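Use these hints to put chain A onto chain Y, whose structure you have.
Chains as they are written, first to last, in my numbering: chain Y, 1 to 319; chain A, 1001 to 1319.
To be clear, the hints were calculated from the coordinates, so they are not data collected in a lab.
Wrong hints could be hidden among the right ones.
[Unchecked claim] Just a few of them, taken from the derived set where beta-carbon distance is under 10 Å, the chain A residues facing chain Y:
#1 D1068
#2 R1097
#3 V1114
#4 V1121
#5 L1123
#6 P1126
#7 A1190
#8 S1216
#9 R1274
All of these numbers come straight from a predicted model, not from anything done at the bench.
Glycine included, every Cβ here is placed at the ideal spot set by N, Cα and C.
There are 2 protein chains.
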Amino acid sequence: MDHNLPGSPELVTSRLETEFAVPAQVEDAYRRMADFARLHGSQNRRVILVTSGGTKVPLESHTVRFLDNFSSGTRGATSAELFLQADYAVIFLYRHRSLFPFVRRFAALNILDVLRLKEGVGLEEPRVEPDLTALPNIVEILHRYESVKQKGLLLPVEFSTLSEYLHLLKAAAQALSPLGSSAMFYLAAAVSDFYIPASEMPQHKIQSSSGPLQLSMKMVPKILSPLVKDWAPKAYVISFKLETDPSILVDRARKALETYNHQAVVANVLDTRRSCVTIVTRDSQIDLRLSDEEAARGMELEEKIVNYLQDCHAHFISQ
Amino acid sequence: MDHNLPGSPELVTSRLETEFAVPAQVEDAYRRMADFARLHGSQNRRVILVTSGGTKVPLESHTVRFLDNFSSGTRGATSAELFLQADYAVIFLYRHRSLFPFVRRFAALNILDVLRLKEGVGLEEPRVEPDLTALPNIVEILHRYESVKQKGLLLPVEFSTLSEYLHLLKAAAQALSPLGSSAMFYLAAAVSDFYIPASEMPQHKIQSSSGPLQLSMKMVPKILSPLVKDWAPKAYVISFKLETDPSILVDRARKALETYNHQAVVANVLDTRRSCVTIVTRDSQIDLRLSDEEAARGMELEEKIVNYLQDCHAHFISQ
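Excised from the complex, chain Y in its bound form:
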C-alpha cells in the first residue's frame, strides 16, 4: 500500500495529532471508556460504541460561526436503546443536546409543560405533580431507563466539535480494542467532511463589512482508515452513508467498503431515512423497509437494523 496516499492510516493519524488540538476531556473519557470495556468484557458482554448527532466545525478561533451537519440523533439514540435491549453494553458518543436513548421520546416536551401545581389544602404548600397524559408509557420507559443506569450498561460521552469527535473516537477505539471481535462500532454520527485548520482560521469574528465571504475548507482526514487498520483491527465496524441522491448511494457504500476494508455500511437517502436503509457488506446487500402499517403501530426501522447487525456480529465473533 502506498502510504503517501491521502487516506493512508499513518497519514490520517499524524494529521489528527497535528491539525486538531486534543480536547481537555479526552484523557478522562478514555479512562472511563477503558474501565467500562474491561468490566463488561470480563462479564462476556459484547460492547458497542454508538456515535450520534452532527459535528460542529468552527470557522473562527473565538468561535461565533460554525459549519454544522443536519442530524437530530434519532438513528443513534434509537439504536443505542435497542442494542441495550439486545444485552450489549453501550458507549454512547453523542453530540451535545442531540437525542438521548429513552429521553428521546419526550424530547419535544418542555419540563414545565408536563408538571402541574396542585394547590395545597389550607396552609399546605402547593404540590408539583407530573401530567401523565403528556407522558405516554412513562412508567415502562422509566423502568427501562433506571434499570440501565443501575446496571451501568450505558456510558454517555459528549462532544460538540469535530476535533472533540475525532479524538474521542480514537480514544474509544483504543479502549475497545482489547475486546477483539466482541467490540462493535456503529458510527451513525453525521461527521463533517470539511474543516478549516486552526492555522488558517481567523482569530476574530469575520466582519461582514469586509464583503462576501470566501471560505476554503480542507477535507477532514478519513478516520475510518486508522480505526479499522490500527486502532481496533479485530472489531466489527459499521459506517453510515447518507446521500440525497439515491442513484449514487449503493456505489458509494461499496466504494467505502473497498477503501476501508471494514464490515458493513448502512446506506440511506435523506428523504426516506426513516423508512428504508440498505445494508451493504462485502458479499451481501439487503434493503430493510418499514411498511406504513408497521410505522402506524409504532415500530421503528432501527429494530430491523439492530436485529440484522447483531446477527452479523454474532456470526463474525463465531468465526
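Below, chain A without anything else, positioned relative to chain Y:
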C-alpha cells in the same frame, strides 16, 4: 438618500422577496402576532418583540450541511422573562430548541432524571413523582410560567433558518407597527451575515470526493434598514452587536446607529457577555456590569439591561 446603496430599505425589501423563499408558516404567524398586538394594545400594554438564538443557513437545497451562529439563546430567553415581569406582552421569536423563558432554568436536565418511580403498595400501579431536589424553585417558577400562559402574555414563534427569521421579523414588524411608540424591538438573535442564494445552491449533498470545499457566500440584506424606515417607523428599536475583539466594539455600535437610525445598540464581547454590556444610544453610552458578588447571589445581567431599556422606552413614549 441614494436608493441604489446596498443597504437601502427598498433594495433590502426587494432582495428579501426575491432571494428568500417565503416560508409556509409566515401567514399564520402574522395573523397570530397581529391579533396579539391588537389585544394588548387595546389594554394599553406595551408589546415587545424579543428575538433569540442563532440562524441556520443551508448550503444545499436538500439540506445536510448548514452554517450556524453560536447562540444558546440565554440573553433572549432571560430578557423575555424580565420584560414579562415588567408587564410587557412578549412575542418571543426564537430558534427551534434554543432556550425558552422559565424553562431555560432546567434546560440542562433531562426529563427522565427528574422523575422517579415509586413502587405501589400491593397491586397498586407504580407512581411517577418529580424529584424536587433536582428542580430548585420549581414551585415559584411554575407559578410564574402558568400565570403568564393563563393571561396570554407570551406568544412564542419559532424559526430555524435565516429565511424563516427574516420573513417572520418582517411579519412581526408589520403586526406591531400599529402600536406606534408602544412597540419595542429587542433583536437579540444572532443572525448570520452570510448566505448562499437558492439559485446558487447545489441541489444535492456536496461530495467530499470532489476535493476541498470552496464556498462563496453573499452578504445578508440589512433587515434593520427597512424595519426602522418602513415597517415599524415609530417603534423603539434595539439591535445587538457581538464582537470578539473589544477594541472595535463601541465604534461598530455607533456606526450601526448612524446607518440605521434606530434607538439603541446593546454591544458585547463574546468572552464577557454574561458580565458586561455597553448600551449605546445617539446621545449616551453606558456600561452595565454584573459584579462577582451580584452573580454569586444569582442576579443576572439581563435585569440591568431590561431595567435600563424599559426606562429608555418609557421616556421615548412620553415624548
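Okay, the hints, checked on the actual structure:
1. D1068: The hint holds - D1068(A) has a Cβ within 10 Å of chain Y, the shortest such distance being about 5 Å.
2. R1097: 7 Å, holds
3. V1114: 7 Å, holds
4. V1121: Violated, about 16 Å.
5. L1123: 15 Å, violated
6. P1126: This interface hint holds because 6 Å falls under the 10 Å limit.
7. A1190: 7 Å, holds
8. S1216: 6 Å, holds
9. R1274: With a closest approach of 15 Å, the R1274(A) hint is violated.
Hint compliance for this structure: hints 4, 5, 9 are broken, all remaining hints hold.
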